[in-house]
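2 protein chains.
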Amino acid sequence: MKEIKQTNRTKLKRLPKRGNFDRDVVNSILDEALVCHVGFVVDGKPFVIPTSFGRIGDTLVIHGSAASRMMRNLSDGIDVCVTVTLLDGLVLARSAFHHSVNYRSVVIFGQAEKIEDEAEKEAALKALTEHLIPGRWPETRPPNALELKATTVLTIPIEEASAKIRTGDPVDDEDDYELPFWAGIVPLKMVAGEPKDDGKLKDGVEVPEYVVKYER
Amino acid sequence: MKEIKQTNRTKLKRLPKRGNFDRDVVNSILDEALVCHVGFVVDGKPFVIPTSFGRIGDTLVIHGSAASRMMRNLSDGIDVCVTVTLLDGLVLARSAFHHSVNYRSVVIFGQAEKIEDEAEKEAALKALTEHLIPGRWPETRPPNALELKATTVLTIPIEEASAKIRTGDPVDDEDDYELPFWAGIVPLKMVAGEPKDDGKLKDGVEVPEYVVKYER
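Line by line, the protein sequences are chains A and B. FYI, my numbering numbers position 168 of the first sequence as 339, with every residue one higher than the one before it. FYI, my numbering numbers position 110 of the second sequence as 281, with every residue one higher than the one before it.
Extracted from the complex, chain A is given alone in its bound form (with noise of 0.2 Å):
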C-alpha cells in the first residue's frame, strides 16, 4: 500500500473506520468519476462547481475558458479543495436513524497550478479527454494554437487527499431486527445508454467501439 500522510484536515474524527489514505485506492476512485467538485473562496466567501477533470500520476488537471472566473481565481495559486462522489447505493435500515447510502468520496487540498508550457497543456488536454472516454483522443482534431490560448488547464497535487467509503448493508440497532420492515441495499450505478450521433456525419463512418462499450 503507497499510504497518504494524514494530516490536521484529511484525518476522519468521526467513522474513521471509513476513512482510507492509500493512494491506489484514491486513484480509483477519480479513476471511475465524470465530475468533480470545486470549492475556493472569494472575498471571504465559499464557491463550489462542478468541473471534468484528468489525473496524470499523482497530479489532477482541470481546465477552463481562460476568462472564467473561477480559471482566473484558482490561477492566482489561492487554497482549493476538490472533491469526487461517487455513489454506490442506498442503505435502508428499519429505522429512519440508520439510513444511509453507501458512497466512496476523495477530498483534495491544495493549491491549483497553471500549466504555461504548451506540451504540456496539450498532454492534460489528452489526460482530460481521455478520462471522460478512453480511446477518444487519437480521433479528435487536436487543439490549435487559438484554442489553447483561450483554455486555461490547471493542475493540483494529489497529496493532501483522502478517501472515504460506505459499504455493505444497513446496520440496525438490536431490538429492531424485530420490526417487521424491508431493509437492505439498493445498489446504484451510472451506466450509459445507446450512443446518438448528431446527424453530421462523414459517409461511411461508424460508431467506435470505445463509443458503444462505453462504461464506467
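There's no promise every hint is true.
[Claimed, not checked] No farther apart than 25 Å at their CA atoms in a straight line, the calculated lysine-lysine pairs in the DSS-like style are these:
1. Lys216(A) to Lys216(B)
2. Lys384(B) to Lys297(B)
3. Lys184(A) to Lys320(B)
[Stated by the list, open to error] Derived Cβ-Cβ restraints for the label pairs, each shown as a range:
4. Asp202(A) to Arg180(B): 28 to 34 Å
5. Arg189(A) to Glu345(B): 47 to 53 Å
6. Glu284(B) to Pro309(A): 50 to 56 Å
7. Gly339(A) to Glu377(B): 19 to 25 Å
8. Thr178(A) to Ile227(B): 35 to 41 Å
The set of hints was computed from the structure by calculation and includes no laboratory data. Yeah, the Cβ is synthetic: ideal placement off N, Cα and C, and Gly gets one too.
Following the hints, complete the assembly by docking chain B onto the known chain A.
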C-alpha cells in the same frame, strides 16, 4: 415561471444561455439528485463535503451527527455554497476543444440555520428519507429522543440560487464537419440494480413496491 432574482454571484458571466432562474427547474434538479456538495470556509480555507439532502418547499435540509465538524461549523451561520450536479451524457465533438458533458446543476448561496423544534426536526428528517426513496418513511421506526438529540438538522433557503444546464448535440467548428470522426452523445443515467436484503428480515417480509420500482 416563478423566477428567482439574480445576484452578482448567481448571474452567469459567460455562456448566459446555460443559466436558468426558474424555480421549478431548480427544484426539479434538486429533487432528482441524491447528493449535494456543501462548501464552507474554516480559517480562510475551503471545504467541500458530499452529503444527502431533502427539500421542503423553498428550503433545503441537510443533517448530520451533532458531533460532526461540518455541522458544528455550519450551525454558526457561516456562509455556505451548496451545489448539486446531475450528469446526463458525454458530448463527443470532432475537435477535442468542443468536447463537453450534458449536465444540470444547481448552486445555492446562503447561510444555514439549525432546527431546534423537535416536531420541525422530525418533519425535516422525514423529508430527507422521502427524498432518498419516496414511500419509505412509514416503513421505518421513527427517530427517538436520543437519536433526535444526536442529529443536527440544518435548513438553507433556496433563495440566492440558479441552475445551469447543457443539453443537446456537440457544436463543432464549420470546417471540422468534414472530418471522418464519429460525433454525438453518449447518454448517462443513474440506474438502480436489483435490491438485496440484509438477510435478517422477519418471516414474510417482502420487498416493497417502492424499492422494486425505484428509479431516479
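Each hint tested on the structure:
1. Lys216(A) to Lys216(B): Given that 25 Å is the threshold and the Cα spacing comes to 10 Å, the pair holds.
2. Lys384(B) to Lys297(B): At roughly 20 Å apart (the allowed maximum being 25 Å), Lys297(B) and Lys384(B) satisfy the hint.
3. Lys184(A) to Lys320(B): It holds: about 19 Å lies between the C-alpha atoms, which stays within 25 Å.
4. Asp202(A) to Arg180(B): 28 to 34 Å: For Asp202(A) and Arg180(B) the Cβ distance comes to about 32 Å; the hint holds.
5. Arg189(A) to Glu345(B): 47 to 53 Å: Check passed, 51 Å falls within 47 to 53 Å.
6. Glu284(B) to Pro309(A): 50 to 56 Å: holds (53 Å)
7. Gly339(A) to Glu377(B): 19 to 25 Å: holds (22 Å)
8. Thr178(A) to Ile227(B): 35 to 41 Å: At 37 Å between Cβs, range holds.
Violation of the numbered hints given earlier is absent; every hint is satisfied by the structure.
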